[in-house]
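Participant: Protein chains in written order, with the numbering used here: chain E, 1 to 135; chain L, 136 to 270; chain A, 271 to 405; chain U, 406 to 540.
Hints in this document: simulated from the structure, not taken from any laboratory. Some clues are possibly wrong.
[Said to hold, decoys possible] Taking lysine-lysine pairs in the DSS-like style, the calculated list, with each CA pair at most 30 Å apart, reads:
| # | chain 1 | residue 1 | chain 2 | residue 2 |
| --- | --- | --- | --- | --- |
| 1 | A | K388 | U | K470 |
| 2 | A | K388 | U | K523 |
| 3 | L | K208 | U | K478 |
| 4 | U | K478 | L | K231 |
| 5 | L | K253 | E | K73 |
| 6 | A | K388 | E | K73 |
| 7 | A | K388 | U | K478 |
| 8 | E | K96 | L | K253 |
| 9 | U | K470 | A | K335 |
Protein chains: 4
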Amino acid sequence: MPFVYERTVRLADTDAAGVVYFARTLSICHEAYEAALAAGGIDLNGLLGANGIVVPISRSEADYKRPLRPGEKLRVSVTPEPLSENSFAIRFEIMKLGPPVKLAASARTEHVCTAPAKRERAALPAALAAWVRAG
Amino acid sequence: MPFVYERTVRLADTDAAGVVYFARTLSICHEAYEAALAAGGIDLNGLLGANGIVVPISRSEADYKRPLRPGEKLRVSVTPEPLSENSFAIRFEIMKLGPPVKLAASARTEHVCTAPAKRERAALPAALAAWVRAG
Amino acid sequence: MPFVYERTVRLADTDAAGVVYFARTLSICHEAYEAALAAGGIDLNGLLGANGIVVPISRSEADYKRPLRPGEKLRVSVTPEPLSENSFAIRFEIMKLGPPVKLAASARTEHVCTAPAKRERAALPAALAAWVRAG
Amino acid sequence: MPFVYERTVRLADTDAAGVVYFARTLSICHEAYEAALAAGGIDLNGLLGANGIVVPISRSEADYKRPLRPGEKLRVSVTPEPLSENSFAIRFEIMKLGPPVKLAASARTEHVCTAPAKRERAALPAALAAWVRAG
Chain E
1 MPFVYERTVR
11 LADTDAAGVV
21 YFARTLSICH
31 EAYEAALAAG
41 GIDLNGLLGA
51 NGIVVPISRS
61 EADYKRPLRP
71 GEKLRVSVTP
81 EPLSENSFAI
91 RFEIMKLGPP
101 VKLAASARTE
111 HVCTAPAKRE
121 RAALPAALAA
131 WVRAG
Chain L
136 MPFVYERTVR
146 LADTDAAGVV
156 YFARTLSICH
166 EAYEAALAAG
176 GIDLNGLLGA
186 NGIVVPISRS
196 EADYKRPLRP
206 GEKLRVSVTP
216 EPLSENSFAI
226 RFEIMKLGPP
236 VKLAASARTE
246 HVCTAPAKRE
256 RAALPAALAA
266 WVRAG
Chain A
271 MPFVYERTVR
281 LADTDAAGVV
291 YFARTLSICH
301 EAYEAALAAG
311 GIDLNGLLGA
321 NGIVVPISRS
331 EADYKRPLRP
341 GEKLRVSVTP
351 EPLSENSFAI
361 RFEIMKLGPP
371 VKLAASARTE
381 HVCTAPAKRE
391 RAALPAALAA
401 WVRAG
Chain U
406 MPFVYERTVR
416 LADTDAAGVV
426 YFARTLSICH
436 EAYEAALAAG
446 GIDLNGLLGA
456 NGIVVPISRS
466 EADYKRPLRP
476 GEKLRVSVTP
486 EPLSENSFAI
496 RFEIMKLGPP
506 VKLAASARTE
516 HVCTAPAKRE
526 RAALPAALAA
536 WVRAG
């Protein structure tokens, strides 16, 4: 069962077309990823440079299938997939709650563990690697 | 020659990892697209519902190759590509100005013209279609 | 008892200084206001022009007292105050949950009901006026 | 003569009410402040912790006078004011270019130099103090 994150669309997510701004959809996915990490006992701050490593996103893809309006309720599923000892992917599905429930967007991000001081790839921290495998 | 948009990285573009937040890279691409439309004499507001059509993004892809820090100067190229009478794509390259100049990210968006009242695809407005072909 | 909204600080809220970007604090307050309206049975979309009125923010003030980091948990209280038949204010307090709990920021916004077509102020919708008085 | 920053309203600045989201107005002011610092030869990154000091915003006020729509052109003036050896304020005026030119918003921010390691206020760096006095 993938991790699930619930979220209401807020005015700040939208633009003058009246619906969620496309890039903000990816921010909502990243929020869900952060919540999934926290639920897995992994401290996001440890992936932002504090331990000599960072795990930035190297690639994103998203399909925007339905417009999302202020006040609509979303459910985001988060499914990690191993790629290598240095990297993993996350698949996201954003469902618009209804009834009926409908797929609003899907996305996929790739994350690469890097040691900035050495300018080279690094092995994923053990806890993060375990979380990815358990996904 | 593609349209080129220049932009400085601002604090609001970045996150606690010290570099541009991944989804914000796509916002910067969209800014460049808006500037390209304006340079082509096309009013963005006419694509946001005012004329009974909207031209939302249906898909995005991005590769994030180098971190971007506050104050760094960027040059974004915007290259439209026709897909169908209802749709087109835009290719973006974000160069970090140097010296040396380096490719920081590339992205591609797909845009589909839709008539929301009819819930169906619509032909691109003539001026927009011409702009895409000229790209 | 004021309405209370809980929120976790997300990476997208922060900037390269490692903490929440100042203006984003006001976005978090506005999210809390939107949640308070929804809890009071008021549809935000009805305040965005659909009924011939808008209720934009005419003024904001905020005091930023403590830095907020990714993953920190916040509790935002929302207290409306009547100003006139056309306007109201909202006071916000953002507490950082601990232990110990600490005041991280306080803010105040003023909202004015306007009829854009007439370019003049309009009376608050009855349900919104009642929500403000009940605050 | 205050420093002046020009900016076009972008879709990402707006929300479903069709105009610039209130908190984003403050982000636009901060962009102007960053441009003013750069024009004064001051590196923003030096104020984000690299030198053992940070200069966060402790207070903001803003009056939102006119709605701003996608594609509109803005001119932001930036006027620093000394407050103490540790702090300063900035006044901003956002003019909507026309014709006619109209005041769209005004804002004021307060900035306090702090040494996070000592958890106490610190003197402004000399170059920043000189920039404030010259304002």
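Participant: May I ask which of the numbered hints given earlier this structure violates, with the numbers listed in increasing order?
Facilitator: Result: hints 2 and 6 break, sorted rising.
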